[in-house]
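Trainee: Sequence:
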Amino acid sequence: MDLDQLHTFLEIVRLKSFSKAAQTCFRTQPAISAQVRQLEQELNSNLFERLGTRIALTPAGKIFAEYAEQILDLRRRAQETIQELERVPRGELIIAANEATCIYVLPEVFSEYKKQFPNVQLHVDRSYGSRVLQAVQDNMADFGITQLPVDAKKCQVVKIHSDEIRVLVPRDHPLAAKRQIVAADLVPYQLLLPKTGTTRAKLNSWLEPVEEQLQVSMELDSTEMIKRFVMAGLGVSFLAGSHCREEVAAGKLATIALGPEPMIRRLALIYRKDKSLSRAALGFIQVILDQAGDNMRPLGLVGVGD
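Counting in our numbering, the sequence shown runs from 1398 upward without gaps.
Don't take every hint at face value.
Unchecked claim - In the BS3-like style, the derived pairs of lysine-lysine whose C-alpha atoms are separated by at most 27 Å in a straight line are:
| # | residue 1 | residue 2 |
| --- | --- | --- |
| 1 | K1575 | K1599 |
| 2 | K1599 | K1551 |
| 3 | K1550 | K1670 |
| 4 | K1575 | K1592 |
| 5 | K1512 | K1672 |
| 6 | K1417 | K1459 |
| 7 | K1550 | K1672 |
| 8 | K1417 | K1556 |
| 9 | K1556 | K1592 |
| 10 | K1511 | K1670 |
| 11 | K1459 | K1551 |
| 12 | K1511 | K1556 |
Hints in this document: simulated from the structure, not taken from any laboratory.
Remember, it's a predicted structure, so these values are computed and weren't measured experimentally.
Put together the whole structure using the sequences plus the hints.
Mentor: Structure follows, in structure tokens:
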């Protein structure tokens, strides 16, 4: 039994004629009769009585006509609801990202998205490093925000943010006056290092020439803790420039570039290549691209290239 058979059956009921139903369904009368026979065989009951040149529904046909109308009505309602979903997107999007990214990079993106898509709920899954990628690959999150590079052949990757990792010190610290420092400059000072992640791996490489001489005081997994502890004079640390902009502007902290080359941190939006993107999801991608402007370059966006 299929929807086309139900439509044909109801046309016969409406027009009280096989020949007229054949015309409105753009089929031959034998084809129409064959569809009705298939229905009757499946239901194991006659649906029509032939009364000379006229036809009438049997008791079983009357019952079946009611259900057929309900089935086709549900189909129409489903189509209308889906079409309305495209006009006025609803539902939810789950974004996996670490807390610092949500606080310092995404607020304007979220704000603009809610203006354009007020009926879509945004849920943030607080994850770190490889867990962000795993959440996307396992389809537990629609999008992930993570630091490049990303080893994910099954994911689309869109660069969304560039930032510079800088040395973080109190405003009156001896290093604050420097424009650039090298790893050896930090040997005399207590260090507060990020506990894990891509940034920590990059710092380990940068600090390697003086690794044996370093004084690592603490390993912290919170951006806010790092800032507070540095302000309290507990040590020198490292942070993305965008994460401490307010404190630097207020004169509470100072940042210095790493040398001999700047350490650049790049964030990317990732999502599964095989995932069907709703209008709400496509809108989220577009809002991020619009908000970031020239700082964002697609690295495999659908429609742009793999």
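Trainee: Next, verify each hint and record whether it holds.
Mentor: Verification of the hints:
Distance restraint check for K1575 and K1599: the Cα-Cα separation of roughly 22 Å lies within the 27 Å cut-off, and the hinted pair is therefore satisfied. In summary, the hint linking K1599 to K1551 is supported, as the alpha carbons are separated by about 25 Å, within the 27 Å threshold. A distance of roughly 9 Å separates the Cα atoms of K1550 and K1670; the hinted pair therefore holds under the 27 Å criterion. In summary, the hint linking K1575 to K1592 is supported, as the alpha carbons are separated by about 26 Å, within the 27 Å threshold.
Between K1512 and K1672, the direct Cα distance comes to roughly 25 Å. Compliance with the 27 Å bound is thereby established for this hinted pair. For the hint linking K1417 to K1459, the alpha-carbon distance of about 20 Å falls within 27 Å, and the restraint holds. Taken as a hint, the K1550 and K1672 pair is honoured in the structure, with Cα atoms around 14 Å apart against an allowance of 27 Å. With a C-alpha separation of about 61 Å, the suggested pair K1417 and K1556 falls outside the 27 Å cut-off, and the hint is violated.
For a cut-off of 27 Å, the pair hint linking K1556 to K1592 stands: about 24 Å separates their Cα positions. A C-alpha spacing of about 25 Å is found between K1511 and K1670, which places the hinted pair at or below 27 Å, so the restraint holds. Between K1459 and K1551 the alpha-carbon distance is near 53 Å, which puts this suggested pair outside the 27 Å criterion. Annotation: proposed proximity of K1511 to K1556 holds, straight-line Cα distance about 22 Å (limit 27 Å).
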